[in-house]
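Going down the list, the protein sequences come from chains A and B.
For the first sequence, our numbering begins at 57 and goes up steadily by one.
For the second sequence, our numbering begins at 2 and goes up steadily by one.
Take these hints with a grain of salt, some might be off.
Unchecked claim - Computed list of lysine to any residue pairs in SDA-like fashion (alpha-carbon distance at most 25 angstroms, straight line):
1. B/297 - A/65
2. B/80 - B/114
3. A/60 - B/207
4. B/231 - A/154
5. A/60 - B/179
6. A/128 - B/183
7. B/231 - A/88
8. A/111 - B/30
9. A/60 - B/171
10. A/128 - B/116
11. B/80 - B/152
12. A/78 - B/30
Keep in mind that the hints were calculated from the coordinates and are not lab data.
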Amino acid sequence: MLFKINFNSGMPVYLQLVDQVKAAAASGALQPGEALPSIRPLAEELRLNRNTVAKAYSELESLGVIETLPGKGCFLKQNHSPLRKEIRRKLLIEEIDEAIVMAHHLQVPGPEFLKLVQERLEMLEDKRRANEEHKEK
Amino acid sequence: MNSSTPAIDIQNLAYSYGKAEAVHDLSLRALPGRCYGLFGRNGAGKTTTMKCLLNLLRPQRGQVRVFGRDPARAEVDVKRCLAYVPDQLAFYPWMTVRETLDYLASFRERWNKKTEQELLDRFRLDTAKRTAALSKGQRTQLALTAAICPETDLLVLDEPTSGLDPIVRREFIETVIGAYQEGGLGERTIFVSTHLITEFEGLIDEFTIMDQGRVVLTLEADEARHRFQKIRARFAQTPPELDFPGALHVRREGRELELIVNGAGPALIESLRQQAPEALTTEALTLEEIFVAALKS
Chain A
57 MLFKINFNSG
67 MPVYLQLVDQ
77 VKAAAASGAL
87 QPGEALPSIR
97 PLAEELRLNR
107 NTVAKAYSEL
117 ESLGVIETLP
127 GKGCFLKQNH
137 SPLRKEIRRK
147 LLIEEIDEAI
157 VMAHHLQVPG
167 PEFLKLVQER
177 LEMLEDKRRA
187 NEEHKEK
Chain B
2 MNSSTPAIDI
12 QNLAYSYGKA
22 EAVHDLSLRA
32 LPGRCYGLFG
42 RNGAGKTTTM
52 KCLLNLLRPQ
62 RGQVRVFGRD
72 PARAEVDVKR
82 CLAYVPDQLA
92 FYPWMTVRET
102 LDYLASFRER
112 WNKKTEQELL
122 DRFRLDTAKR
132 TAALSKGQRT
142 QLALTAAICP
152 ETDLLVLDEP
162 TSGLDPIVRR
172 EFIETVIGAY
182 QEGGLGERTI
192 FVSTHLITEF
202 EGLIDEFTIM
212 DQGRVVLTLE
222 ADEARHRFQK
232 IRARFAQTPP
242 ELDFPGALHV
252 RREGRELELI
262 VNGAGPALIE
272 SLRQQAPEAL
282 TTEALTLEEI
292 FVAALKS
């Protein structure tokens with residue numbers, strides 16, 4: 057998997073790595089069981105502090121997105137969040153609320169916001185399907 | 002050694018060359034396992050600060066500690082736990098690369114031969130060559146090899162990449178990340194002074210910007226990129242003549258307005274929004290842009 061760091065985003069660097077793995081997993085660009093680059097070459101390649109990469113990986117591990125097999129490396133897990141359903145919902149609600157506040161400030165009305173969410177969901181599903189089909193070939 | 006003892010602890014350091022004050026009341030603290038950047042323009046006092054850490058200069062006021070020890074009193078102990086790549090590299094010109102490494106290794110308790118070979122291969126250094134015949138890039142590579150092989154807890158780099166070509170600079174940083182940090186993840190401390198900030202951006206955990214011997218700013222890198230923002234707004238007409246409290250820098254260009262802010266972003270964005278701009282964007286500053294902003298304001 058290839059990463060891209062943007063120092064102009066204002067987002068902590070380790071979170072950029074975390075988000076990119078999550079996005080790749082959600083779109084199917086990264087498949088369960090597939091290996092992530094190991095810490096040293098990835099840190100060298102991106103010229104990042106190794107502790108930053110290690111922090112991203114341990115965050116992903118505690119979120120249940122990846123697993124570390126000793127001596128083998130890090131792999132994407134089947135999508136099983138270790139969190140209970142109500143906690144998962146609560147975390148999602150926080151993110152949704154933030155997007156709603158943003159929509160208000162950008163003067164995007166409710167129905168248009170919902171339509172956008174629908175569009176984005178479909179886009180991600182299309183991507184997933186494309187990645188699935190590609191895998192089957 | 003207590004693990005919470007700072008790798009480097011500088012308090013109220015002052016040093017003058019005759020009447021010229023190089024460092025004025027400098028305080029900073031680098032915790033173990035971190036990569037700490039000391040940023041400043043040429044002549045800001047970075048090298049003088051580094052020399053005080055290594056007992057090459059004695060502080061005239063204040064104190065410096067390396068892992069809790071005073072470099073002036075415990076010079077050998079301090080030098081045992083650190084490696085240094087100075088800005089002015091000096092090797093014995095008649096020695097070959099091989100002889101130079103053996104000579105430097107003879108002062109060290111530890112010397113990782115395997116790492117040495119890996120780095121010689123990576124840099125394609127000819128061990129039979131005399132150091133006098135090495136290029137500037139190769140001399141830096143030799144100095145870095147000699148600094149990494151002893152596997153010290155602290156690596157001090159003074160302007161390590163200035164004057165090098167982009168390939169050598171990139172390899173240098175990759176080597177620091179790959180070979181030096183390899184040993185003890187989360188344990189090895191890097192203290193680097195530079196004005197080539199962009200290259201070290203991803204490596205830096207925390208930094209101090211100094212100017213004319215004084216501290217201008219000390220921040221965590223992620224926190225700095227969060228606080229420092231560039232806000233751009235475009236209006237239908239000439240932008241309103243507003244006061245922007247908290248803006249470090251305001252630039253007007255026709256219908257456009259650009260603000261550089263430190264922490265005051267959200268409030269200023271709100272007040273700009275009330276003026277109904279056509280477009281309003283924000284972007285975090287990189288460490289180099291923060292450096293420029295901090296020194297210009």
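Violating hint indices (sorted, rising): 7, 12
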